[in-house]
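There are 2 protein chains.
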Amino acid sequence: MNATPELDREQGSAFQPKFDAAGLLSAVVVDAESKAVLMLAFMDREALDATIATGEAHFHSRSRGRLWKKGETSGHVLTVKRILVDCDQDALVLECAAAGPTCHTGAVSCFYRTLRDGSLQNVKT
Amino acid sequence: MNATPELDREQGSAFQPKFDAAGLLSAVVVDAESKAVLMLAFMDREALDATIATGEAHFHSRSRGRLWKKGETSGHVLTVKRILVDCDQDALVLECAAAGPTCHTGAVSCFYRTLRDGSLQNVKT
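Chains as they are written, first to last, in the UniProt record's numbering: chain V, 1 to 125; chain W, 1 to 125.
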C-alpha cells in the first residue's frame, strides 16, 4: 500500500481508466484473429461501461457528441473478445470479431492507405 | 474535381492529416513483424513532420507539452517501416522496428495487462 498512485496504476490489478480533459480515452480495435488494426475511436465512461456490460464495442462520437454503438446502423457490430489496457490506463486495445467491414467506406479496416513519398496509396488489407 | 472535401479526404491520394481541436492526431505503433500493438501516442504537426523527415517516431508529449522523440532517453527508438492512414486522416498506424522494449516499464508493449472481470491481469506479450 506504499505504492504511489502512478505506480499502482502501472503495476496494480485495479482497473483505473484515465480519461483526458475531454473525458475520453483512446480505443484501438484490432481483429481478434489477424491482429490487424481495424479502427481507432474514443470512449467516455458511458461508452466504456456499455462496452463492458454488453460485450459489444461502443464509443463516444466526437462529431455527434453522443454514445455510438459500432454497427448500430450498418449491423457491423464488433464483439469484444479481449480488452488490453496500457501502462497508464489511458488507452485500450479491443480484440474483436467483426460482423462485417469495420470502415464506413466498406473497407475491412479504416487503415486502407499507406503514406509513401508524401501521397496515399491503397493497400491490400 | 467534383468530390466533396470529405470524399476527397477519404478516397483521394492527397495526404491531408486532420488534427483535432488540440492540434493532435492519434498514432498507433505496431511491431512491423508481429503486428502487436506496442503503444499509442499523439502527434502534432511538428511531431509528424519530424517522423517523416527522420524515419524515426516522434510524438507530442501531452504531459510535458513538447516534442518527444521516442527513445531519446532510453535509446529504444522506433524505426518507421510503413505508415498507414485511416479514412478521415485523423489517425495513423506506424509499423515500426523497435530497438528495445517500447514501454517505459520495460515491457515489450505498453499493453501488458488484460481486463477480466473488472480487474487487470498480466499477459504474455
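Worth flagging that the hints you see were computed from the coordinates, not collected in a lab.
Heads up, some of the hints might be wrong.
Same chains, same names: a pair is fine if it fits in one copy or spans any two.
Below are the DSS-like pairs computed for lysine-lysine, each with C-alpha atoms no more than 27 Å apart in a straight line [to be verified]:
1) 81 x 18
2) 69 x 81
3) 124 x 18
Against the structure, the hints come out as follows:
no.	hint	in the structure
1	81 x 18	within (22 Å within a copy, 30 Å between copies)
2	69 x 81	within (16 Å within a copy, 33 Å between copies)
3	124 x 18	between (35 Å within a copy, 23 Å between copies)
Violated hints for the displayed structure: none, as all numbered hints are satisfied.
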